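K.L.:
As a plain string of letters, each chain reads:
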Amino acid sequence: MKNGISILLSRIATPTRVGPRDFIVVAVLAAVAFAVPYFAGTYQQEVGFRILQLGALAAAWNIAAGYTGLVSLGSAAFFGIGVYTMAIASNAGLPIALCVLLAAVMAGLFALIVSPALFRLRGLYFTVGTLALAEAMRIFVVNSPWFGGQAGIFLTARAPKAYDLYWIALLIAVFVVVCVLLLLRSRWSYRMQAVRDDEDVASQLGVRTYRTKLWAFGLSGALIAIVGSIQALNQGIVQPNGGFGMSWTIDIVSVAIIGGMGTKVGPWVGAVFIVLLGEFLIQFPEIHLAVVGVVLVLVIRFMPNGIWGTLTLALQKNRNFS
Amino acid sequence: MNSIDPVGLANTVLGGALLGGLIALSAVGLSLVLGVMKLVNLMHGQIVVLGAYVAFYLAAFWGISPLLALPIVFVLGFAFTAPVQRFILAPVAKHGEEAGLLTTFALAIILENLFIRFFSGDSRSLDTAFSRETLAIGPINLPTIYLIGFAISLTVCLAVWMLVTRTSFGRSLRASSEDPISAAIVGIHVSRVRWGTFALNGGLASMGGVLIALCFSFTPSSGSEYLLTAFAIIVLGGLGNIMGTFVGGIALGVIQSLGAYFMGDGYRTFVGLVMLIILLAIAPNGILKRRRSL
Amino acid sequence: MHLSTRRRRLAGGLAFITATALALTGCSPIGADGGTSDSSDPIRIGATIPLSGTLAGFGSFLQWGYQHAVDEVNAAGGIMIDGTAREVELTLVDDKSDPNEVTSSIKTLISSTKVDALLGSCTPDLVNPGAVVADSQGVPFVAECTPIEVFKSVKEWTYAWDIFFSVADQAVAPFEALEANGIETNKQVFILHDNGPDGQAIGNEIWPVVAAEQGYTVAGNIEFPADNTDFSAAIQKAKESGADIVLISSITPAAISIRKQMAAIGWTPKVIVAEKGAEPVQFAEALGDLADGIIVGAYWDPSFGYPGAEELKDAFESETGLTSSQHIADSYTAAMVLMDAIAAAGSLDKDEINDAIGETDGIYAVGPVKFDDEHAAKIPVVSSQWQDGVPIIVWPTEQATGDFLFPVP
Numbered sequence: 004m005k006n007g008i009s010i011l012l013s014r015i016a017t018p019t020r021v022g023p024r025d026f027i028v029v030a031v032l033a034a035v036a037f038a039v040p041y042f043a044g045t046y047q048q049e050v051g052f053r054i055l056q057l058g059a060l061a062a063a064w065n066i067a068a069g070y071t072g073l074v075s076l077g078s079a080a081f082f083g084i085g086v087y088t089m090a091i092a093s094n095a096g097l098p099i100a101l102c103v104l105l106a107a108v109m110a111g112l113f114a115l116i117v118s119p120a121l122f123r124l125r126g127l128y129f130t131v132g133t134l135a136l137a138e139a140m141r142i143f144v145v146n147s148p149w150f151g152g153q154a155g156i157f158l159t160a161r162a163p164k165a166y167d168l169y170w171i172a173l174l175i176a177v178f179v180v181v182c183v184l185l186l187l188r189s190r191w192s193y194r195m196q197a198v199r200d201d202e203d204v205a206s207q208l209g210v211r212t213y214r215t216k217l218w219a220f221g222l223s224g225a226l227i228a229i230v231g232s233i234q235a236l237n238q239g240i241v242q243p244n245g246g247f248g249m250s251w252t253i254d255i256v257s258v259a260i261i262g263g264m265g266t267k268v269g270p271w272v273g274a275v276f277i278v279l280l281g282e283f284l285i286q287f288p289e290i291h292l293a294v295v296g297v298v299l300v301l302v303i304r305f306m307p308n309g310i311w312g313t314l315t316l317a318l319q320k321n322r323n324f325s
Numbered sequence: 139m140n141s142i143d144p145v146g147l148a149n150t151v152l153g154g155a156l157l158g159g160l161i162a163l164s165a166v167g168l169s170l171v172l173g174v175m176k177l178v179n180l181m182h183g184q185i186v187v188l189g190a191y192v193a194f195y196l197a198a199f200w201g202i203s204p205l206l207a208l209p210i211v212f213v214l215g216f217a218f219t220a221p222v223q224r225f226i227l228a229p230v231a232k233h234g235e236e237a238g239l240l241t242t243f244a245l246a247i248i249l250e251n252l253f254i255r256f257f258s259g260d261s262r263s264l265d266t267a268f269s270r271e272t273l274a275i276g277p278i279n280l281p282t283i284y285l286i287g288f289a290i291s292l293t294v295c296l297a298v299w300m301l302v303t304r305t306s307f308g309r310s311l312r313a314s315s316e317d318p319i320s321a322a323i324v325g326i327h328v329s330r331v332r333w334g335t336f337a338l339n340g341g342l343a344s345m346g347g348v349l350i351a352l353c354f355s356f357t358p359s360s361g362s363e364y365l366l367t368a369f370a371i372i373v374l375g376g377l378g379n380i381m382g383t384f385v386g387g388i389a390l391g392v393i394q395s396l397g398a399y400f401m402g403d404g405y406r407t408f409v410g411l412v413m414l415i416i417l418l419a420i421a422p423n424g425i426l427k428r429r430r431s432l
Numbered sequence: 006m007h008l009s010t011r012r013r014r015l016a017g018g019l020a021f022i023t024a025t026a027l028a029l030t031g032c033s034p035i036g037a038d039g040g041t042s043d044s045s046d047p048i049r050i051g052a053t054i055p056l057s058g059t060l061a062g063f064g065s066f067l068q069w070g071y072q073h074a075v076d077e078v079n080a081a082g083g084i085m086i087d088g089t090a091r092e093v094e095l096t097l098v099d100d101k102s103d104p105n106e107v108t109s110s111i112k113t114l115i116s117s118t119k120v121d122a123l124l125g126s127c128t129p130d131l132v133n134p135g136a137v138v139a140d141s142q143g144v145p146f147v148a149e150c151t152p153i154e155v156f157k158s159v160k161e162w163t164y165a166w167d168i169f170f171s172v173a174d175q176a177v178a179p180f181e182a183l184e185a186n187g188i189e190t191n192k193q194v195f196i197l198h199d200n201g202p203d204g205q206a207i208g209n210e211i212w213p214v215v216a217a218e219q220g221y222t223v224a225g226n227i228e229f230p231a232d233n234t235d236f237s238a239a240i241q242k243a244k245e246s247g248a249d250i251v252l253i254s255s256i257t258p259a260a261i262s263i264r265k266q267m268a269a270i271g272w273t274p275k276v277i278v279a280e281k282g283a284e285p286v287q288f289a290e291a292l293g294d295l296a297d298g299i300i301v302g303a304y305w306d307p308s309f310g311y312p313g314a315e316e317l318k319d320a321f322e323s324e325t326g327l328t329s330s331q332h333i334a335d336s337y338t339a340a341m342v343l344m345d346a347i348a349a350a351g352s353l354d355k356d357e358i359n360d361a362i363g364e365t366d367g368i369y370a371v372g373p374v375k376f377d378d379e380h381a382a383k384i385p386v387v388s389s390q391w392q393d394g395v396p397i398i399v400w401p402t403e404q405a406t407g408d409f410l411f412p413v414p
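If you read the sequences in order, they're chains A, B and C. Anchor point for the first sequence: position 306 equals 309 in the working numbering, and the numbering is continuous, going up by one each time. Anchor point for the second sequence: position 259 equals 397 in the working numbering, and the numbering is continuous, going up by one each time. Anchor point for the third sequence: position 187 equals 192 in the working numbering, and the numbering is continuous, going up by one each time.
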């Protein structure tokens, strides 16, 4: 099944040129972002945390959805796995770094377990399958006797300060970006794009499609779980409806679409947009989500490549004509 | 702990079958939309909830019994969804299947928030004189409302089946579904067929919402659960297969009630979802389908 | 290989930039902002409340209760801080019934709005995450709408306080009501409860023990997830058990579905107790006469005669045109307790306010409020029964506003 978004995307995202310049830009931005807590207040640090959190989530989702064509509505499952792994592991006394690593491992295992069923589904059916999967996970965690039910789990670890959280989120965001950049530099990116553009042709050309999809889906899920594990620290208490809530999936998809699916910078543009929109609309809580919905409808219709994709396309066109 | 009581089990299974058939009405339209338009309609659950609210307010303000309100709900559901297809979904169709999916996703968010704004977050429920009666057949007690809902659902499904197999609209619909380009060449107005299909789905889903609300309570946020149930049913029944959807509903109802009986009610939806994933994986085109009956 | 040298240079550059940035801006990150405010600033109180999402039914009552209390205090000239009268400014944020939103909104209220103190949202799901943040950041937080055992079980609180009833009292109340009204049953109870924090506490731990103490036997006990909608299997089992009494603890949509599905299979237990879910008016509105006879624990009625109770109900009903709920009383009380504590502290120092909250000992609209060592103030529970769409108090006998309806019609 061909799909239009992918065809459109392939125009801008292939061939993906990732050069040293990208790493330098990331390093400079990271250095600037690193210094933020030295001159900005707690509130700015918290907003920064949310931008980094959402941006990292969308960038991680993008690995599967944007570059490999695995449009998943099941991100909440991976996020929740991260949240709960952190809660359980840190309460067991493991050091935070190990908990984060464990979250990634658990998410990777989960991807491995569900992949035989999910990867039989193509295109839209895959999307529906992931949606059902995330909901099934939430209901399972709510029901099963091992995860504290609806009451959830209280984290006994000392609550981190705003700047601690901000720096951890920055570290993870940089990690996600570097993962994406290295991935795009590697041979994997060609395999992923081949799978995205036409799975059957890719397989005829000798691409091991199943393995490629599993790597993309697993890496994407593991990175989402890493971000999720930090959310557990941020909240100090985890609950199924918070950790496995559909709201994460909604946020991730909104950010990626508004910013631009399948682009390197799009998720970050989208995250800044969504978080700042949320802060701006805090005085009008009743219309917040509806506004996000309207923006989404408009962006899909008039800027199918998202803010960043449309910008770069316009710039390219400009260059070609001049 | 609990020994199995055959009468109780029979009650549960029969109740589940009736309920599944009743809920199938909310899934028939989704099946058509997916089969004909190749559109994953993520706002389906919200349309179901909308139908329930329309019936609720018809009953509250004009005292119209929810069952008598069904035709009105159908017309309003149809009228509401027709412009959505015409002005919002059709223009993004050229961006591919995922654009439509994501647009309905955004519309679902908008609708849910509008419901909360206008209808408040309170739980509502529909009531009729039949809601609290039972029909006793020997030791088996069946809720009258389940039987009535089952009958209505069956009738409507048959009517839709006739529409699709016996009318010229149905022929155009089948042709557009199988090969839209050839259909257009032989003079079928494909975009009008799609528009009709989506609006028909709107009407059917709204009616399904009324039947569901007669049995359960509903809130503005109930939509996503109905969406997933409807997906499970059409996957069981085969995409675009109308009577298959009805049978799929019954099958899901029985499976879920068995799951609930042995594992507890909490696992009812879980069993359905796991079934959905497994079925999608082993038979993406549905298990009840031998050949395309549409 | 040229890349690696470039990367090394890059790392050097990065270190340099960072070092410069640090040198330029001092050497420690900015933590909690200092509470310096001049005397013309208002006193800032914030809260998240569920105005949308599944718990939106509570939000409007909390909104009104908090706002009404603040308006009253401001109309009386505000609060004296260090010898100057200051207005109170209330900031309410919608938490969308989502625990994640509670966390981020409470953080924003503390860091951006710079609140001096906080009030709670509703239900443990939304109160606990807010309390955890407030507690770790040292901002006084007064909550209600969370049963005190559930609140206490989370952690040892320093800055968070809770004013509500006790699940244990709530669990005993229906048995007391049956006893006091001389109701004859087969003394068999069937328990249906959700797996929310309070549902688990009452269904798994408290009800079985209380039932045994009171001479009842538990014929069955079924747990279900809070947002479950179809209960036919559970109800079927309850019916088969032959119990006369059904004890339910669930949220409102579930309570409505359970009652409807009981009616649908033609089974009417002699006594139905539906804690939590049967409490709001929307329960009786949704069910009509099916709600009749259902017993639910309550903690407030204007007829109890606490100071300002009648006025509170009248003000709510005349301002909003809606039927009042007991949640206006506990939210109003929580806000009043907090503002009285600020007045008693005479300062906006968070520790002083917190100490003053702990000293609270008075009779408020919802009843007497005095916190115990674990930061909870218990309000007494009564039993009410829906009769013709109106909650009638049936126990304790001296507070009763009508007769006990038995059996459930």
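Simulated from the structure, these hints should not be mistaken for lab results. Owing to the predicted nature of the structure, the values given are computational and were not obtained by experimental measurement. Treat the hints with caution; some may be incorrect.
Covered stretches of chain A, as calculated for chain C (at least 3 residues, CB under 8 Å) [as the list claims (entries may be wrong)]:
#, region
1, 139-152
2, 173-185
3, 268-275
Some chain A residues well away from chain B (every beta-carbon gap over 12 Å; in silico) [what the hints assert, rightly or not]:
#, residue
4, V31
5, V35
6, P98
7, S189
8, R190
9, D203
10, R211
11, S257
12, I260
13, A293
14, V294
15, L299
16, F305
Here are a few chain C residues that face chain B, going by a calculated C-beta distance under 10 Å [claimed, not checked]:
#, residue
17, S158
18, W162
19, A238
20, K265
21, Q287
22, F411
For each residue, glycine too, the CB sits at the ideal point set by N, CA and C.
K.L.:
Work down the list of hints and note, for each, if the structure agrees.
P.N.:
To see whether the hints hold, each was checked on the structure:
| no. | hint | verdict |
| --- | --- | --- |
| 1 | 139-152 | holds (count 4) |
| 2 | 173-185 | violated (count 0) |
| 3 | 268-275 | violated (count 0) |
| 4 | V31 | 33 Å, holds |
| 5 | V35 | 33 Å, holds |
| 6 | P98 | 34 Å, holds |
| 7 | S189 | 26 Å, holds |
| 8 | R190 | 26 Å, holds |
| 9 | D203 | 15 Å, holds |
| 10 | R211 | 19 Å, holds |
| 11 | S257 | 8 Å, violated |
| 12 | I260 | 6 Å, violated |
| 13 | A293 | 4 Å, violated |
| 14 | V294 | 9 Å, violated |
| 15 | L299 | 4 Å, violated |
| 16 | F305 | 9 Å, violated |
| 17 | S158 | 22 Å, violated |
| 18 | W162 | 29 Å, violated |
| 19 | A238 | 4 Å, holds |
| 20 | K265 | 6 Å, holds |
| 21 | Q287 | 4 Å, holds |
| 22 | F411 | 19 Å, violated |
Of the numbered hints given earlier, the model fails hints 2, 3, 11, 12, 13, 14, 15, 16, 17, 18, 22; all others are met.
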